[in-house]
Amino acid sequence: MAYPYAWRYRDYVIDSFNRDKTYADFLRQQLAGDLLPFKTPEERAENLIATGFLAVGSRALNEMNPRQFAVDQADEQIDTVFQATMGLTLACARCHDHKFDPMSQRDYTAVAGIFLSTKTLYGLPGLQNGRNASKPLALPEEAHLPMLAKPISRTAFEDMLAQYRQLDLQLADLQRERLRQFQANTPMTTNANPAREVLQRQQLERQKSQLEGQLMEYDDDGRPVALAMGVVDKPLSSSQSPFARFVGRNLRDRSAFESIADSPFFARGELEMAGDKVPRGVPQLLGNADQFQVADDVSGRLELAAWIVDPGNPLTPRVAVNRIWTWLIGQGLVKSVDNFGTTGSTPSHAELLDYLALSFQSHGSTKQLVREIVLSNSYQQASTYDSGSFEIDPENSYLWRMNPRRLEAESIRDAVLCAAGVLDDNPTIGSSIARRGLGPIDRPPGFLPAAFRRAPESLDADFVGRSIYLGLPRDALPEILSLFDGADATSVQGKRESTNVPSQSLFMLNSDWIAEQSRALAKRVLQTYPGPMLESFEDRLRLVYQLTLCRSPAKEEIAAARLLLSQMGLHPETGWSSLARGLFASAEFRYLD
Amino acid sequence: MATRVALAEKSLGTGGHFPAKAKRVIFLCMRGGPSHVDTFDYKPQLQRADGQTAIRPGSQWMGSPWTFSQHGQSGRWVSELFPELAKQVDKLCLIHSMQTDVPAHPQAMIRLHTGSSQFVRPSLGAWTLYGLGIENENLPGFVAISPTSAVGGSQNYGSAFLPANFQGTKLGSETSDARGASIRNLERNVGPRRQQLELDFIQAVNRDKLARDRVNPELEGVIKSYELAYRMQGEMPGVLDLDKETKETKDLYGLDQRTTSSFGSKCLMARRLAEAGVRFIEITHGNWDHHFNITTVLPAACEQVDRGLAALLIDLERRGMLDETLVVWTGEFGRTPYGQARSGRDHNNKAFTLWMAGGGVAAGTSYGSSGDFGYEAAENPVPIVDFHATLLALLGLDHEQLTYRYAGRDFRLTDVKGRVVSDVIAG
Numbered sequence: 001m002a003y004p005y006a007w008r009y010r011d012y013v014i015d016s017f018n019r020d021k022t023y024a025d026f027l028r029q030q031l032a033g034d035l036l037p038f039k040t041p042e043e044r045a046e047n048l049i050a051t052g053f054l055a056v057g058s059r060a061l062n063e064m065n066p067r068q069f070a071v072d073q074a075d076e077q078i079d080t081v082f083q084a085t086m087g088l089t090l091a092c093a094r095c096h097d098h099k100f101d102p103m104s105q106r107d108y109t110a111v112a113g114i115f116l117s118t119k120t121l122y123g124l125p126g127l128q129n130g131r132n133a134s135k136p137l138a139l140p141e142e143a144h145l146p147m148l149a150k151p152i153s154r155t156a157f158e159d160m161l162a163q164y165r166q167l168d169l170q171l172a173d174l175q176r177e178r179l180r181q182f183q184a185n186t187p188m189t190t191n192a193n194p195a196r197e198v199l200q201r202q203q204l205e206r207q208k209s210q211l212e213g214q215l216m217e218y219d220d221d222g223r224p225v226a227l228a229m230g231v232v233d234k235p236l237s238s239s240q241s242p243f244a245r246f247v248g249r250n251l252r253d254r255s256a257f258e259s260i261a262d263s264p265f266f267a268r269g270e271l272e273m274a275g276d277k278v279p280r281g282v283p284q285l286l287g288n289a290d291q292f293q294v295a296d297d298v299s300g301r302l303e304l305a306a307w308i309v310d311p312g313n314p315l316t317p318r319v320a321v322n323r324i325w326t327w328l329i330g331q332g333l334v335k336s337v338d339n340f341g342t343t344g345s346t347p348s349h350a351e352l353l354d355y356l357a358l359s360f361q362s363h364g365s366t367k368q369l370v371r372e373i374v375l376s377n378s379y380q381q382a383s384t385y386d387s388g389s390f391e392i393d394p395e396n397s398y399l400w401r402m403n404p405r406r407l408e409a410e411s412i413r414d415a416v417l418c419a420a421g422v423l424d425d426n427p428t429i430g431s432s433i434a435r436r437g438l439g440p441i442d443r444p445p446g447f448l449p450a451a452f453r454r455a456p457e458s459l460d461a462d463f464v465g466r467s468i469y470l471g472l473p474r475d476a477l478p479e480i481l482s483l484f485d486g487a488d489a490t491s492v493q494g495k496r497e498s499t500n501v502p503s504q505s506l507f508m509l510n511s512d513w514i515a516e517q518s519r520a521l522a523k524r525v526l527q528t529y530p531g532p533m534l535e536s537f538e539d540r541l542r543l544v545y546q547l548t549l550c551r552s553p554a555k556e557e558i559a560a561a562r563l564l565l566s567q568m569g570l571h572p573e574t575g576w577s578s579l580a581r582g583l584f585a586s587a588e589f590r591y592l593d
Numbered sequence: 001m002a003t004r005v006a007l008a009e010k011s012l013g014t015g016g017h018f019p020a021k022a023k024r025v026i027f028l029c030m031r032g033g034p035s036h037v038d039t040f041d042y043k044p045q046l047q048r049a050d051g052q053t054a055i056r057p058g059s060q061w062m063g064s065p066w067t068f069s070q071h072g073q074s075g076r077w078v079s080e081l082f083p084e085l086a087k088q089v090d091k092l093c094l095i096h097s098m099q100t101d102v103p104a105h106p107q108a109m110i111r112l113h114t115g116s117s118q119f120v121r122p123s124l125g126a127w128t129l130y131g132l133g134i135e136n137e138n139l140p141g142f143v144a145i146s147p148t149s150a151v152g153g154s155q156n157y158g159s160a161f162l163p164a165n166f167q168g169t170k171l172g173s174e175t176s177d178a179r180g181a182s183i184r185n186l187e188r189n190v191g192p193r194r195q196q197l198e199l200d201f202i203q204a205v206n207r208d209k210l211a212r213d214r215v216n217p218e219l220e221g222v223i224k225s226y227e228l229a230y231r232m233q234g235e236m237p238g239v240l241d242l243d244k245e246t247k248e249t250k251d252l253y254g255l256d257q258r259t260t261s262s263f264g265s266k267c268l269m270a271r272r273l274a275e276a277g278v279r280f281i282e283i284t285h286g287n288w289d290h291h292f293n294i295t296t297v298l299p300a301a302c303e304q305v306d307r308g309l310a311a312l313l314i315d316l317e318r319r320g321m322l323d324e325t326l327v328v329w330t331g332e333f334g335r336t337p338y339g340q341a342r343s344g345r346d347h348n349n350k351a352f353t354l355w356m357a358g359g360g361v362a363a364g365t366s367y368g369s370s371g372d373f374g375y376e377a378a379e380n381p382v383p384i385v386d387f388h389a390t391l392l393a394l395l396g397l398d399h400e401q402l403t404y405r406y407a408g409r410d411f412r413l414t415d416v417k418g419r420v421v422s423d424v425i426a427g
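Those protein sequence lines, which keep their order, are chains A and B.
Just so we're aligned, residue 1 is where the first sequence starts under the working numbering, counting upward by one.
Just so we're aligned, residue 1 is where the second sequence starts under the working numbering, counting upward by one.
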């Protein structure tokens with residue numbers, strides 16, 4: 001399953017950086033946007049979309065125990081929030097006190113209560129097996145958000161609704177028939193074909209869930225409704241029926257955490273071993289946990305967000321500036337970017353980290369921080385090798401040169417498309433996954449037996465927009481992303497691997513995609529300088545080098561290119577395609593130095 | 001950074017923690033959950049109780065419709081559904097008391113392959129490569145033949161946080177025939193001469209750059225990876241070319257019969273890959289999810305694989321490879337001894353049978369029991385995590401020492417559990 005509404009959160013993140021929102025506001029919106037005050041519908045919509053951060057994580061949708069599902073979901077949120085913002089592996093304290101860092105299982109439980117009091121709306125309405133379905137979050141109509149769906153006529157909407165009701169009735173009939181057989185104790189053998197019955201029910205359920213999802217995307221007049229992923233607070237326990245309250249008081253709480261409440265302490269993390277409830281709170285490690293107060297009628301996310309961005313919190317700004325430093329310089333002041341605990345690495349330049357963190361905390365501007373780093377001498381150094389320095393500091397911890405580093409998968413893809421002249425750098429509305437709509441992405445819509453299901457090689461095979469707009473279905477990642485160490489979207493990964501493996505080379509040499517872009521680049525070069533072969537050779541070569549390597553060819557490179565073209569035969573497009581492929585495939589193309 | 005790059009390319013590489021019995025693994029995954037009580041786990045009491053009220057309310061025991069008999073010197077019971085494999089039973093070590101925690105396909109499949117169904121974790125093959133290294137650098141170290149895109153898909157042969165070159169290379173898909181299957185981008189897009197010229201140009205550009213930079217390990221890595229890619233492109237099609245085998249061998253694997261040729265060619269391909277130095281080979285065969293019409297669908301599935309399985313064991317032995325090749329056959333769980341609408345059997349995570357052969361396992365033995373009815377492991381239960389510990393032990397790896405540091409802590413295939421079942425290892 002893929003999340004069809006995730007793209008609004010993606011756009012929110014892009015927009016936040018473009019507008020240079022302060023980091024504190026950025027975090028506050030993502031952790032508790034639904035609880036923030038707002039002045040306009042646009043602001044409300046933005047706040048709600050921001051909470052998509054808490055909803056886009058991976059979850060085991062097949063989990064059969066709703067209580068287990070709830071605690072696993074909260075655990076994923078705790079893990080992501082604390083690693084991303086503070087570099088803390090608090091989730092390690094789920095089943096026992098943290099083995100290395102000063103965080104107890106009680107600390108974990110205090111935070112868990114906050115997330116167990118939060119309802120996560122990830123927008124997968126009717127899953128086929130009926131378990132763990134979730135509605136999307138509806139956004140205010142007055143915000144006039146971009147929409148993927150086109151309006152449909154009122155009759156079309158009503159037809160859909162009628163179809164839905166029809167399916168509902170059919171399913172109810174099947175259910176009744178099964179019940180009747182069961183009550184009459186009719187042996188199931190009398191049923192001529194039980195397999196057919198099950199398949200029929202599955203087919204109806206899938207159709208129904210698809211319709212349910214489609215219906216949700218329109219209002220009663222057939223106008224599309226803007227939907228997103230996000231979170232809201234759960235209802236108060238007082239809204240429960242007297243019976244539920246009675247059960248809650250007198251029996252061990254077996255509910256799937258339906259309302260705002262503290263979390264029980266689960267010995268060894270086992271659901272079956274629920275102990276006393278731990279008041280919602282924050283970890284003790286900053287020494288200010290005693291001042292943390294959460295009213296009975298709120299989850300505590302707003303308070304948690306305030307604690308994370310509080311000027312007294314030393315970790316949040318350090319983790320943030322270290323991430324930005326890492327992306328710009330290639331290695332962190334603290335190398336373990338997601339882990340500032342005792343098993344992480346110590347800073348190479350502690351005072352620099354302090355200075356950057358304090359100034360970032362006071363201005364909150366990412367753009368200002370980036371400007372400060374890129375204007376530094378460290379950033380502007382050449383990557384030239386120096387044997388003396390190398391002997392003293394082979395890891396370049398003290399930054400005696402710029403680190404040569406490989407482009408990330410997305411940048412390689414964008415750079416190839418850009419050089420080929422086919423990149424569409426306009427923002428994309430929606431995504432391939434959003435356009436595909438609800439339902440599993442490993443099979444075409446409608447009913448097909450299991451044997452015919454297969455993941456599409458890539459939903460975005462022909463997409464020429466920027467890579468940030470690619471869909472990321474877990475089992476059908478765009479090929480270039482899975483080959484060039486793209487991030488695993490199911491976990492926190494602040495730093496990527498940078499591997500050199502033969503499958504990358506095979507992709508460059510043999511893939512249809514590179515072949516296509518090479519032809520496009522060849523055409524571009526030939527069209528720019530349409531003159532006769534010999535006269536335009538050097539102009540063309542300069543252009544192809546500029547487009548791929550951002551420099552002019554050296555003398556020996558001109559000779560190598562001339563040799564290649566002369567051996568490649570008469571058709572200029574063939575020769576220039578080979579040359580283009582060769583430059584895309586070169587190490588220099590994918591390394592920054 | 002230098003260390004990180006080195007780590008990405010090499011494994012622990014120093015060989016195992018203790019003497020290895022097996023050097024490589026052929027993992028035969030019967031997706032969907034084969035019925036153990038109709039194949040390898042003989043239950044006379046279940047036969048007698050056929051039609052009587054069973055353990056689950058409203059259900060009746062369903063005796064196996066198939067006849068079991070004893071085979072080989074070891075006298076192990078095998079049902080008539082595996083006539084060829086039954087002749088090889090003295091090579092097998094059958095574990096009748098396997099257990100997994102959830103009777104749902106995706107969780108159980110991912111648990112079988114990675115040890116965890118909740119989190120994305122490296123697969124068995126990735127851990128094996130991390131522990132033992134890649135044997136033949138011209139080939140991928142881990143090949144997944146016809147993997148399924150469902151029930152976890154690539155997670156089942158992925159490397160998660162382990163370096164990317166430990167992930168399984170996909171060969172064909174579950175729905176395609178294995179013959180003619182290839183690895184992505186292995187086939188040249190242009191003629192051989194043109195590719196040679198292109199490669200010469202690429203490497204010239206790379207070497208010019210290296211000359212300018214003087215020292216640049218990453219760039220040397222790129223140059224090396226083109227050499228490897230070129231050799232892989234040259235070597236792999238030969239390894240996958242089943243026509244290099246004699247008619248006798250092809251017939252042994254059932255390539256001459258329509259029903260057996262698909263799985264048979266996958267098995268033959270697995271043997272050729274093993275011979276060429278691929279460390280971990282997995283074959284996925286589906287679908288064994290026999291809820292209904294089991295009397296038709298189970299024999300069909302068994303017939304597809306029986307000949308290939310037997311051939312693989314015979315062929316590995318006669319080539320002297322069986323001793324160092326661990327062959328594992330299993331589903332993600334078993335099936336219930338009570339019927340489902342008297343037509344088929346439901347999922348059973350409480351008991352199922354896994355067998356191993358070669359690679360230092362105690363041949364001709366069985367371990368554990370699933371009680372009188374095959375409903376639940378009764379003696380010596382073996383949870384998946386213990387199977388994982390045992391598999392690593394057979395490869396010479398201590399599951400407690402095979403750790404990888406990530407996100408601030410050491411990760412293991414067996415997490416905090418795992419016990420080596422030493423009884424299934426030859427003394």
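Hints listed in this document are in silico derivations from the structure and should not be mistaken for laboratory results.
As the structure is a computational prediction, the values presented were derived from the model and not from experiment.
Heads up, a few of these hints could be off.
Stated by the list, open to error - Here are some, though not all, of the chain B residues that point toward chain A, as calculated from beta-carbon distances under 7 Å:
1. A104
2. Q107
3. R188
4. G191
5. P192
6. L197
7. F201
8. T296
9. V297
Glycine included, each C-beta is placed from N, C-alpha and C at the ideal position.
We went through each hint and held it up to the structure:
no.: 1; hint: A104; result: holds, 5 Å
no.: 2; hint: Q107; result: holds, 6 Å
no.: 3; hint: R188; result: holds, 6 Å
no.: 4; hint: G191; result: violated, 10 Å
no.: 5; hint: P192; result: violated, 12 Å
no.: 6; hint: L197; result: holds, 6 Å
no.: 7; hint: F201; result: holds, 4 Å
no.: 8; hint: T296; result: violated, 11 Å
no.: 9; hint: V297; result: violated, 10 Å
Hint compliance for this structure: hints 4, 5, 8, 9 are broken, all remaining hints hold.
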